[in-house]
Amino acid sequence: MASKLLQKYRKKLILPVTIILLLIGFINIYFVLNITPRTNDECIWTPVKESKDSVEIIFTMVKFEGVTWNAGIRDGDQFLKIDGKNLRSIYHASYLADRKASGDSLLFTVAREGKIFNATVKVKKLIQFPQLAFSILGILWLIVGFVVISSKPFGLPQILFYRIGALFVLYTTSSIFGGNQMLNPIFQYPLLILVADILWVFGGIFLPFIIVYFFWVFPLETKIIGKKYTSKILLYTPTVLFVIAFISRIYFIYYPVSQHL
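Quick note: the sequence shown uses this note's numbering, first residue 3, plus one each step.
Hints listed in this document are in silico derivations from the structure and should not be mistaken for laboratory results.
For lysine to aspartate or glutamate, the following EDC-like pairs were computed, each having C-alpha atoms within a straight-line distance of at most 20 Å:
(1) K117 x E52
(2) K83 x E52
(3) K234 x E223
(4) K83 x E58
(5) K126 x D100
(6) K51 x D77
(7) K87 x E58
(8) K126 x E44
(9) K126 x E67
(10) K126 x D85
(11) K102 x E44
(12) K124 x D85
Note that the structure is a prediction, hence the values are computed from the model and not measured.
Start from the sequences, fold in the hints, and give me the full structure.
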(Lines of atoms letter the chains of each structure in order from A and count residues from 1; the text may use other names and numbers.)
(Lines give C-alpha, C1' and ligand atoms only; values in the text may rest on other atoms or scores of the structure.)
Protein backbone atom coordinates (compact mmCIF):
# COMPACT_ATOMS: atom_id res chain seq x y z
CA MET A 1 0.00 0.00 0.00
CA ALA A 2 2.72 2.46 1.02
CA SER A 3 4.75 1.50 -2.06
CA LYS A 4 1.78 2.20 -4.35
CA LEU A 5 1.16 5.59 -2.74
CA LEU A 6 4.85 6.47 -3.13
CA GLN A 7 4.74 5.54 -6.81
CA LYS A 8 1.60 7.62 -7.30
CA TYR A 9 2.88 10.79 -5.63
CA ARG A 10 6.63 10.43 -6.32
CA LYS A 11 6.81 13.43 -8.68
CA LYS A 12 5.00 15.68 -6.21
CA LEU A 13 7.08 14.54 -3.24
CA ILE A 14 10.53 14.92 -4.80
CA LEU A 15 10.75 18.71 -4.43
CA PRO A 16 9.45 19.13 -0.84
CA VAL A 17 11.49 16.16 0.39
CA THR A 18 14.61 17.60 -1.25
CA ILE A 19 14.00 21.01 0.33
CA ILE A 20 13.67 19.42 3.79
CA LEU A 21 16.85 17.38 3.27
CA LEU A 22 18.75 20.45 2.04
CA LEU A 23 17.63 22.31 5.16
CA ILE A 24 18.97 19.46 7.31
CA GLY A 25 22.21 19.49 5.32
CA PHE A 26 22.75 23.23 5.79
CA ILE A 27 21.98 22.91 9.51
CA ASN A 28 24.71 20.24 9.68
CA ILE A 29 27.19 22.59 8.01
CA TYR A 30 26.19 25.46 10.31
CA PHE A 31 26.87 23.32 13.36
CA VAL A 32 30.24 22.16 12.00
CA LEU A 33 31.35 25.73 11.30
CA ASN A 34 29.81 27.64 14.21
CA ILE A 35 28.73 25.38 17.08
CA THR A 36 30.99 22.33 17.35
CA PRO A 37 34.50 23.83 16.77
CA ARG A 38 36.67 23.60 19.89
CA THR A 39 39.20 26.15 21.05
CA ASN A 40 42.70 25.03 20.11
CA ASP A 41 45.49 26.63 22.13
CA GLU A 42 48.08 24.34 20.52
CA CYS A 43 49.23 22.59 23.67
CA ILE A 44 48.15 19.87 26.10
CA TRP A 45 46.70 20.48 29.55
CA THR A 46 47.92 17.65 31.73
CA PRO A 47 46.33 17.02 35.16
CA VAL A 48 48.96 16.12 37.75
CA LYS A 49 47.95 14.90 41.21
CA GLU A 50 49.60 17.15 43.79
CA SER A 51 48.06 15.60 46.88
CA LYS A 52 45.13 13.41 47.87
CA ASP A 53 42.56 16.17 47.26
CA SER A 54 44.45 18.44 44.89
CA VAL A 55 45.24 18.29 41.18
CA GLU A 56 47.40 20.73 39.23
CA ILE A 57 47.01 21.45 35.52
CA ILE A 58 50.36 21.59 33.77
CA PHE A 59 51.11 22.83 30.25
CA THR A 60 52.83 20.18 28.12
CA MET A 61 53.70 19.83 24.44
CA VAL A 62 53.39 23.57 23.85
CA LYS A 63 53.67 24.04 20.08
CA PHE A 64 56.65 26.14 19.00
CA GLU A 65 55.38 29.56 17.87
CA GLY A 66 51.79 28.49 18.49
CA VAL A 67 49.31 30.80 20.21
CA THR A 68 50.24 29.58 23.69
CA TRP A 69 53.97 29.74 22.96
CA ASN A 70 53.62 33.26 21.59
CA ALA A 71 51.86 34.26 24.82
CA GLY A 72 55.03 33.33 26.73
CA ILE A 73 53.89 30.00 28.18
CA ARG A 74 56.25 27.01 28.16
CA ASP A 75 56.19 23.31 29.03
CA GLY A 76 55.96 22.74 32.78
CA ASP A 77 54.11 25.96 33.59
CA GLN A 78 51.13 25.56 35.92
CA PHE A 79 47.69 26.61 34.66
CA LEU A 80 45.77 28.51 37.36
CA LYS A 81 42.98 30.62 35.87
CA ILE A 82 41.15 31.60 32.69
CA ASP A 83 39.82 35.17 32.61
CA GLY A 84 40.18 35.39 36.38
CA LYS A 85 38.26 32.18 37.13
CA ASN A 86 40.02 29.46 39.14
CA LEU A 87 40.20 26.16 37.27
CA ARG A 88 38.54 23.15 38.89
CA SER A 89 39.52 20.64 36.19
CA ILE A 90 40.60 20.42 32.55
CA TYR A 91 36.90 20.06 31.64
CA HIS A 92 36.15 23.33 33.39
CA ALA A 93 39.08 24.91 31.55
CA SER A 94 37.77 23.58 28.22
CA TYR A 95 34.34 25.04 28.93
CA LEU A 96 35.78 28.47 29.71
CA ALA A 97 37.98 28.41 26.61
CA ASP A 98 35.29 27.09 24.25
CA ARG A 99 32.94 29.95 25.16
CA LYS A 100 35.09 32.44 23.27
CA ALA A 101 34.73 33.02 19.54
CA SER A 102 37.58 32.70 17.06
CA GLY A 103 39.75 35.80 17.06
CA ASP A 104 38.93 36.72 20.66
CA SER A 105 41.51 36.41 23.42
CA LEU A 106 41.78 34.49 26.69
CA LEU A 107 43.64 35.66 29.77
CA PHE A 108 45.59 32.73 31.21
CA THR A 109 46.97 33.04 34.73
CA VAL A 110 50.09 30.89 34.95
CA ALA A 111 52.66 29.98 37.60
CA ARG A 112 56.35 29.33 36.87
CA GLU A 113 58.94 28.68 39.54
CA GLY A 114 56.81 30.35 42.21
CA LYS A 115 56.06 33.43 40.11
CA ILE A 116 52.54 34.13 38.83
CA PHE A 117 51.91 36.04 35.61
CA ASN A 118 49.13 36.63 33.09
CA ALA A 119 49.35 35.69 29.42
CA THR A 120 46.97 36.73 26.65
CA VAL A 121 46.24 33.83 24.29
CA LYS A 122 44.52 34.37 20.94
CA VAL A 123 41.55 32.04 20.37
CA LYS A 124 41.82 29.62 17.47
CA LYS A 125 38.98 27.24 16.64
CA LEU A 126 39.50 23.69 15.42
CA ILE A 127 36.95 22.80 12.72
CA GLN A 128 36.32 19.13 11.99
CA PHE A 129 37.08 19.22 8.27
CA PRO A 130 36.21 15.54 7.61
CA GLN A 131 32.69 16.20 8.92
CA LEU A 132 32.48 19.39 6.88
CA ALA A 133 33.61 17.56 3.73
CA PHE A 134 31.02 14.80 4.20
CA SER A 135 28.28 17.37 4.84
CA ILE A 136 29.14 19.24 1.65
CA LEU A 137 29.38 15.97 -0.29
CA GLY A 138 25.92 14.98 0.91
CA ILE A 139 24.38 18.26 -0.21
CA LEU A 140 26.08 18.18 -3.62
CA TRP A 141 25.09 14.55 -4.18
CA LEU A 142 21.50 15.37 -3.19
CA ILE A 143 21.31 18.31 -5.61
CA VAL A 144 22.66 16.21 -8.49
CA GLY A 145 20.34 13.40 -7.45
CA PHE A 146 17.38 15.77 -7.56
CA VAL A 147 18.24 16.74 -11.14
CA VAL A 148 18.71 13.09 -12.10
CA ILE A 149 15.49 11.78 -10.55
CA SER A 150 13.48 14.74 -11.87
CA SER A 151 14.42 13.73 -15.41
CA LYS A 152 13.33 10.12 -14.88
CA PRO A 153 11.37 9.70 -11.62
CA PHE A 154 10.71 5.98 -12.01
CA GLY A 155 14.13 4.79 -13.19
CA LEU A 156 15.83 2.46 -10.70
CA PRO A 157 19.37 3.90 -11.10
CA GLN A 158 17.96 7.42 -10.74
CA ILE A 159 16.02 6.50 -7.60
CA LEU A 160 19.04 4.82 -6.03
CA PHE A 161 21.34 7.73 -6.90
CA TYR A 162 18.94 10.16 -5.23
CA ARG A 163 18.63 7.93 -2.17
CA ILE A 164 22.42 7.92 -1.75
CA GLY A 165 22.40 11.72 -1.52
CA ALA A 166 19.48 11.69 0.91
CA LEU A 167 21.15 9.09 3.13
CA PHE A 168 24.45 10.99 3.06
CA VAL A 169 22.65 14.06 4.40
CA LEU A 170 20.94 12.05 7.13
CA TYR A 171 24.18 10.30 8.09
CA THR A 172 26.07 13.58 8.49
CA THR A 173 23.49 14.65 11.08
CA SER A 174 25.87 12.99 13.55
CA SER A 175 28.11 16.06 13.18
CA ILE A 176 25.75 18.21 15.27
CA PHE A 177 26.63 16.23 18.41
CA GLY A 178 30.24 17.46 18.49
CA GLY A 179 31.87 20.26 20.44
CA ASN A 180 31.40 21.09 24.10
CA GLN A 181 28.11 19.58 25.29
CA MET A 182 27.53 22.39 27.78
CA LEU A 183 27.70 24.96 24.96
CA ASN A 184 25.97 22.97 22.21
CA PRO A 185 22.27 24.03 22.13
CA ILE A 186 21.13 20.66 20.76
CA PHE A 187 21.72 19.11 24.18
CA GLN A 188 19.08 21.39 25.71
CA TYR A 189 16.33 19.68 23.69
CA PRO A 190 16.01 15.92 24.33
CA LEU A 191 13.44 15.48 21.54
CA LEU A 192 15.80 16.99 18.96
CA ILE A 193 18.60 14.74 20.21
CA LEU A 194 16.33 11.73 19.73
CA VAL A 195 15.28 12.76 16.20
CA ALA A 196 18.83 13.59 15.09
CA ASP A 197 20.15 10.35 16.58
CA ILE A 198 17.55 8.27 14.74
CA LEU A 199 18.25 10.09 11.46
CA TRP A 200 22.01 9.54 11.50
CA VAL A 201 21.67 5.89 12.56
CA PHE A 202 19.13 5.32 9.76
CA GLY A 203 21.40 7.01 7.21
CA GLY A 204 24.53 5.23 8.41
CA ILE A 205 22.93 1.78 8.24
CA PHE A 206 21.18 2.11 4.88
CA LEU A 207 23.87 4.10 3.02
CA PRO A 208 26.40 1.30 2.30
CA PHE A 209 23.68 -1.09 1.13
CA ILE A 210 22.17 1.47 -1.26
CA ILE A 211 25.62 2.35 -2.63
CA VAL A 212 26.26 -1.33 -3.38
CA TYR A 213 22.79 -1.64 -4.91
CA PHE A 214 23.40 1.38 -7.15
CA PHE A 215 26.72 0.17 -8.52
CA TRP A 216 25.23 -3.26 -9.19
CA VAL A 217 22.64 -1.70 -11.52
CA PHE A 218 24.69 1.17 -12.96
CA PRO A 219 26.26 1.67 -15.46
CA LEU A 220 25.39 -1.94 -16.36
CA GLU A 221 23.21 -4.32 -14.41
CA THR A 222 25.36 -7.11 -12.96
CA LYS A 223 24.38 -10.75 -12.88
CA ILE A 224 24.18 -10.85 -9.09
CA ILE A 225 21.46 -8.17 -8.97
CA GLY A 226 19.43 -10.24 -11.39
CA LYS A 227 19.20 -13.09 -8.91
CA LYS A 228 15.84 -13.56 -7.23
CA TYR A 229 16.60 -12.43 -3.69
CA THR A 230 19.53 -10.01 -4.12
CA SER A 231 17.53 -6.78 -4.18
CA LYS A 232 15.40 -7.93 -1.25
CA ILE A 233 18.50 -8.76 0.80
CA LEU A 234 19.95 -5.30 0.07
CA LEU A 235 16.77 -3.65 1.35
CA TYR A 236 15.60 -5.98 4.12
CA THR A 237 19.02 -6.43 5.79
CA PRO A 238 19.50 -2.73 6.68
CA THR A 239 15.84 -2.57 7.71
CA VAL A 240 16.36 -5.37 10.23
CA LEU A 241 19.64 -3.82 11.43
CA PHE A 242 17.95 -0.45 11.91
CA VAL A 243 15.10 -1.97 13.91
CA ILE A 244 17.63 -3.77 16.13
CA ALA A 245 19.67 -0.58 16.56
CA PHE A 246 16.56 1.45 17.36
CA ILE A 247 15.27 -1.03 19.95
CA SER A 248 18.74 -1.29 21.50
CA ARG A 249 19.01 2.49 21.80
CA ILE A 250 15.59 2.72 23.42
CA TYR A 251 16.44 0.00 25.93
CA PHE A 252 20.05 0.94 26.73
CA ILE A 253 20.16 4.72 26.09
CA TYR A 254 16.84 6.57 25.82
CA TYR A 255 14.94 4.77 28.57
CA PRO A 256 17.77 4.79 31.20
CA VAL A 257 18.35 8.50 30.56
CA SER A 258 14.63 9.32 30.91
CA GLN A 259 14.64 7.68 34.34
CA HIS A 260 17.13 10.29 35.57
CA LEU A 261 15.39 13.35 34.15
